[in-house]
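Q: So the protein lines, in turn, are chains Z and G. For the first sequence, position 161 matches number 161 in my numbering, and the numbering has no gaps at all. For the second sequence, position 171 matches number 529 in my numbering, and the numbering has no gaps at all.
You may find that some hints are simply not true.
What the hints assert, rightly or not - Label-pair distances were calculated between CB atoms; the ranges are:
| id | chain 1 | residue 1 | chain 2 | residue 2 | range |
| --- | --- | --- | --- | --- | --- |
| 1 | G | Glu519 | Z | Ser325 | 50 to 58 Å |
| 2 | Z | Lys340 | G | Leu485 | 35 to 43 Å |
| 3 | Z | Lys5 | G | Lys504 | 22 to 30 Å |
| 4 | G | Gln509 | Z | Asn337 | 34 to 42 Å |
| 5 | G | Glu493 | Z | Arg46 | 53 to 61 Å |
| 6 | Z | Glu24 | G | Gln375 | 27 to 35 Å |
Claimed, not checked - Below are the DMTMM-like pairs computed for lysine to aspartate or glutamate, each with C-alpha atoms no more than 25 Å apart in a straight line:
| id | chain 1 | residue 1 | chain 2 | residue 2 |
| --- | --- | --- | --- | --- |
| 7 | Z | Lys19 | G | Glu432 |
| 8 | Z | Lys19 | G | Glu518 |
| 9 | Z | Lys9 | G | Asp413 |
| 10 | G | Lys521 | G | Glu494 |
| 11 | G | Lys452 | Z | Glu43 |
| 12 | G | Lys504 | Z | Glu43 |
| 13 | G | Lys435 | Z | Glu13 |
| 14 | G | Lys521 | Z | Glu43 |
| 15 | Z | Lys9 | G | Glu421 |
| 16 | Z | Lys5 | Z | Glu43 |
| 17 | Z | Lys5 | G | Glu519 |
| 18 | G | Lys504 | Z | Glu24 |
| 19 | Z | Lys5 | G | Asp476 |
| 20 | G | Lys504 | G | Glu489 |
| 21 | G | Lys425 | Z | Glu61 |
| 22 | Z | Lys336 | Z | Glu302 |
| 23 | G | Lys500 | Z | Glu24 |
| 24 | G | Lys410 | Z | Glu13 |
| 25 | Z | Lys336 | Z | Asp308 |
| 26 | G | Lys452 | G | Glu432 |
| 27 | G | Lys410 | Z | Asp11 |
| 28 | G | Lys526 | Z | Glu24 |
| 29 | G | Lys504 | G | Glu543 |
| 30 | G | Lys521 | Z | Glu24 |
| 31 | G | Lys526 | Z | Glu43 |
| 32 | Z | Lys9 | G | Glu417 |
| 33 | G | Lys521 | Z | Glu13 |
| 34 | G | Lys427 | Z | Glu61 |
| 35 | G | Lys526 | Z | Asp11 |
| 36 | G | Lys452 | G | Glu409 |
| 37 | Z | Lys9 | G | Glu409 |
To be verified - Selected chain G positions facing chain Z (in silico; Cβ < 7 Å):
| id | residue |
| --- | --- |
| 38 | Leu391 |
| 39 | His395 |
| 40 | Leu396 |
No wet-lab data here; the hints were simulated from the structure. Here the structure is a predicted model, which means the values were calculated and not measured. Every residue, glycine too, gets a C-beta built ideally from N, C-alpha and C.
Spelled out, the chains give:
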Amino acid sequence: MNSNKHYTKNDIENYWQGKMTAQEMRALELAALQDAFLADAIEGYRQMDSSTSSRNLAYIEQQILPQIKFKKMWFNASVLKYAAAIILVASVGYIAFLTTKNNTTTVAQNIITTTEKTVEPTDTSTSTEIAKTENNIARTETKNNDHPTLAKDNSPLKAQTIDNENANNVANSNANNAATPPTTIIPEKAAITNADKKIETESVKEIAPTKEYNIAANDSKEVVVSAAQSRKQVAAKLSANEIVSIKGANKSITQNTIAPQLGWQNYLQYANNNNATVSANNSTATQVAFNNNNNLKGKNVELEFDVDANGMPTNIAVSRSSNDSTLDTKAIELLKNGPKWTTAKDSSTKKQKIEVSF
Amino acid sequence: MLTNLSAHTTNDNFLLQDYQQNNNQQSLATLYLQYSHLVYGVCNKYLQNAEKSKDATMEIYEEVVAKLKTHKVENFKSWLYVVAKNYCLMQLRKQKGKTTVEFAATEFMQFENFEHLDSVLQKEKSLTQLEKCIEELNKEQKQIIKLFYLQQKCYNQIVEETKLDWNKVRSTVQNGRRNLKICMEKNEQ
Chain Z
1 MNSNKHYTKN DIENYWQGKM TAQEMRALEL AALQDAFLAD AIEGYRQMDS
51 STSSRNLAYI EQQILPQIKF KKMWFNASVL KYAAAIILVA SVGYIAFLTT
101 KNNTTTVAQN IITTTEKTVE PTDTSTSTEI AKTENNIART ETKNNDHPTL
151 AKDNSPLKAQ TIDNENANNV ANSNANNAAT PPTTIIPEKA AITNADKKIE
201 TESVKEIAPT KEYNIAANDS KEVVVSAAQS RKQVAAKLSA NEIVSIKGAN
251 KSITQNTIAP QLGWQNYLQY ANNNNATVSA NNSTATQVAF NNNNNLKGKN
301 VELEFDVDAN GMPTNIAVSR SSNDSTLDTK AIELLKNGPK WTTAKDSSTK
351 KQKIEVSF
Chain G
359 MLTNLSAHTT NDNFLLQDYQ QNNNQQSLAT LYLQYSHLVY GVCNKYLQNA
409 EKSKDATMEI YEEVVAKLKT HKVENFKSWL YVVAKNYCLM QLRKQKGKTT
459 VEFAATEFMQ FENFEHLDSV LQKEKSLTQL EKCIEELNKE QKQIIKLFYL
509 QQKCYNQIVE ETKLDWNKVR STVQNGRRNL KICMEKNEQ
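Work out the full structure, taking the sequences as your base and the hints as a guide.
A: So this is what it looks like as structure tokens:
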């Protein structure tokens, strides 16, 4: 008998539904004799409908988790600025890419998809936007061979694109470009909507009609990833389009990435079942800390991996070793034998990193 | 209080420390969600209503967040149980004129440390003394304790065999166990 077993809701329901062997039932009864909390809970589930309790528990988890996410972001408002900057920089890159690719004079389609968020201009007749904040966060330079008219702004954050020969879009942070067609717009505000709250980045200069953009965050499966990683992803996406290079501050942002198929809670449970615990995110990485031995505490392994079509982690590589090959191997095995993952919505963000701490 | 320190306790402390020292809210949520199904079950036992239990489980979380700002907690799980139970009892007290729930003494006896007895029973050590103590139990307790501990049957099997009610079987195991503990301790001295 293992009196330390962590009994889940399913265990308790299986008990009442007679889906356990007599031995398993007795083990649970013994555990309940030693644990009044468990004993009370078992009684509480006696008359309960399984689907109702599943639904309610899922709701509770939902209520508790996003609340934290919001608070975290609210307290660290600068994160939002970085996020806004990177998103908009990515938007510019994407538009420039569309322009180049389609060889058109305007970019009429203004639904701009970034790696993590969707920017929907309220007026679809516009064609290009670019944003900057006053913080020195990211600098985007679009190289162009034909029209080397490069305008600069005094703001520390610069996002500059230079039109190529086929595009009329010149996104310029300076207002002195009378020759620029009215298709160029700098949004006055970038409003980020998350958890029903709106946080506005500081106003930026305006060249053409003011537009307000809502960036709707899909918050259901967000995890915090390191800025280094997200920059890398953005950079990878953009460089694939041969457009921009990005330099950014070393700060974290949130974005959709791949996540365990059954949710993080389930993943934590998996770790738990291996006599380990998964600690939550820290600010710089999706950190998974398996603490199963105090002597090993404090050793970290960072793993990088892809997710295949079946949701299994593949191409697992140690991106930062603990300098102990046994631990590295153990971390890989925990990941490999663990629950499945979902791929990110954007197929270009396939790489995922986790940090395993012992 | 429960003194059964498990691997979970270590992990709980790790998460709790991360919350209290680094204000990592995610750690507290993770910690709470490990036990939310138990909190929910406890609430349902006392409140007898799924919706109320759902709300209570979320409100208890808020209470936990607030209390942990000032409280130092040694064993999170035991502490959470007390917080959850007290919350439910308060809810019941608010419902004036409604059913009073009777808490049998056995409900609270489980807080005592039975670890020693359990290990004795499990390992079947001190058999002579144990057998003597078992014989001293009343007829019903003797029968059921023997079935549960010596023949290792589960409550349902005991119900079948004795035709007693499930709750009766459980409380008899609890009471018999308590009497055995008293008897064994008396003889140890």
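Q: Each hint should be assessed against the structure and marked as holding or not.
A: Quick rundown of the hints versus the structure:
1. Taking the beta carbon of each, G:Glu519 and Z:Ser325 are about 56 Å apart, inside 50 to 58 Å as hinted.
2. Z:Lys340 and G:Leu485 have their C-beta atoms about 50 Å apart, which leaves the hinted 35 to 43 Å range violated.
3. Here the CB-CB span from Z:Lys5 to G:Lys504 is close to 25 Å, well matched to the stated 22 to 30 Å.
4. The hinted range of 34 to 42 Å is satisfied by G:Gln509 and Z:Asn337, whose Cβ atoms lie roughly 38 Å apart.
5. Separated by about 34 Å at the C-beta atoms, G:Glu493 and Z:Arg46 break the suggested range of 53 to 61 Å.
6. A C-beta distance of roughly 34 Å is found between Z:Glu24 and G:Gln375, which places it inside the suggested range of 27 to 35 Å.
7. A threshold of 25 Å between alpha carbons decides the hint, and for Z:Lys19 with G:Glu432 the separation of about 35 Å lies outside it, so the pair is violated.
8. Between Z:Lys19 and G:Glu518, the direct Cα distance comes to roughly 17 Å. Compliance with the 25 Å bound is thereby established for this hinted pair.
9. Distance restraint check for Z:Lys9 and G:Asp413: the Cα-Cα separation of roughly 18 Å lies within the 25 Å cut-off, and the hinted pair is therefore satisfied.
10. Taken as a hint, the G:Lys521 and G:Glu494 pair is honoured in the structure, with Cα atoms around 23 Å apart against an allowance of 25 Å.
11. Taking the CA atoms of G:Lys452 and Z:Glu43, the gap is near 22 Å; set against the 25 Å cutoff, the hint holds.
12. For the proposed pair G:Lys504 and Z:Glu43, the alpha carbon gap of about 24 Å is at most 25 Å, so the pair holds.
13. This hinted pair checks out: G:Lys435 and Z:Glu13 have alpha carbons roughly 21 Å apart, not beyond 25 Å.
14. Note on G:Lys521 and Z:Glu43: the hinted pairing holds, with a Cα-Cα distance of about 20 Å set against a maximum of 25 Å.
15. Between Z:Lys9 and G:Glu421 the alpha-carbon distance is near 23 Å, which keeps this suggested pair within the 25 Å criterion.
16. The hinted pair formed by Z:Lys5 and Z:Glu43 meets the criterion: a straight-line CA distance of about 18 Å does not exceed 25 Å.
17. About 28 Å separates the Cα atoms of Z:Lys5 and G:Glu519, which puts this hinted pair outside 25 Å; it is violated.
18. Between G:Lys504 and Z:Glu24 the alpha-carbon distance is near 18 Å, which keeps this suggested pair within the 25 Å criterion.
19. Our distance criterion of 25 Å between C-alpha atoms is met by Z:Lys5 and G:Asp476, whose separation comes to about 16 Å.
20. In summary, the hint linking G:Lys504 to G:Glu489 is supported, as the alpha carbons are separated by about 10 Å, within the 25 Å threshold.
21. Taken as a hint, the G:Lys425 and Z:Glu61 pair is honoured in the structure, with Cα atoms around 20 Å apart against an allowance of 25 Å.
22. With a CA separation close to 14 Å, the supplied pair Z:Lys336 and Z:Glu302 stays within the 25 Å bound.
23. Annotation: proposed proximity of G:Lys500 to Z:Glu24 holds, straight-line Cα distance about 23 Å (limit 25 Å).
24. For the hint linking G:Lys410 to Z:Glu13, the alpha-carbon distance of about 20 Å falls within 25 Å, and the restraint holds.
25. Between the alpha carbons of Z:Lys336 and Z:Asp308 the distance comes to roughly 12 Å, so the proposed pair stays at or under 25 Å and holds.
26. Using a Cα cut-off of 25 Å, the hinted pair G:Lys452 and G:Glu432 is violated, with the two alpha carbons roughly 30 Å apart.
27. Of the pairs offered as hints, the one joining G:Lys410 and Z:Asp11 holds, with about 23 Å between alpha carbons and a cut-off of 25 Å not exceeded.
28. Straight-line distance between C-alpha atoms of G:Lys526 and Z:Glu24 comes to about 20 Å, which keeps the hinted pair within the 25 Å bound.
29. Using a Cα cut-off of 25 Å, the hinted pair G:Lys504 and G:Glu543 holds, with the two alpha carbons roughly 19 Å apart.
30. At most 25 Å may separate the alpha-carbon atoms for a hinted pair to count; G:Lys521 and Z:Glu24 meet this at roughly 21 Å.
31. Distance restraint check for G:Lys526 and Z:Glu43: the Cα-Cα separation of roughly 13 Å lies within the 25 Å cut-off, and the hinted pair is therefore satisfied.
32. Straight-line distance between C-alpha atoms of Z:Lys9 and G:Glu417 comes to about 20 Å, which keeps the hinted pair within the 25 Å bound.
33. Proximity of G:Lys521 to Z:Glu13 is assessed by CA-CA distance (about 23 Å); at most 25 Å being required, the pair is judged to hold.
34. Restraint check for G:Lys427 and Z:Glu61: satisfied, since their Cα atoms lie roughly 21 Å apart, inside the 25 Å limit.
35. Note on G:Lys526 and Z:Asp11: the hinted pairing holds, with a Cα-Cα distance of about 23 Å set against a maximum of 25 Å.
36. Restraint check for G:Lys452 and G:Glu409: the C-alpha separation of about 17 Å stays at or below 25 Å, so the hint holds.
37. Distance restraint check for Z:Lys9 and G:Glu409: the Cα-Cα separation of roughly 17 Å lies within the 25 Å cut-off, and the hinted pair is therefore satisfied.
38. Of the supplied interface hints, the one on G:Leu391 holds, with its beta-carbon coming within about 5 Å of a beta-carbon of chain Z, less than 7 Å.
39. Of the supplied interface hints, the one on G:His395 holds, with its beta-carbon coming within about 4 Å of a beta-carbon of chain Z, less than 7 Å.
40. Among the interface hints, the one on G:Leu396 holds; its C-beta lies about 4 Å from the nearest C-beta in chain Z, closer than the 7 Å criterion.
Of the numbered hints listed earlier, those contradicted by the structure are 2, 5, 7, 17 and 26.
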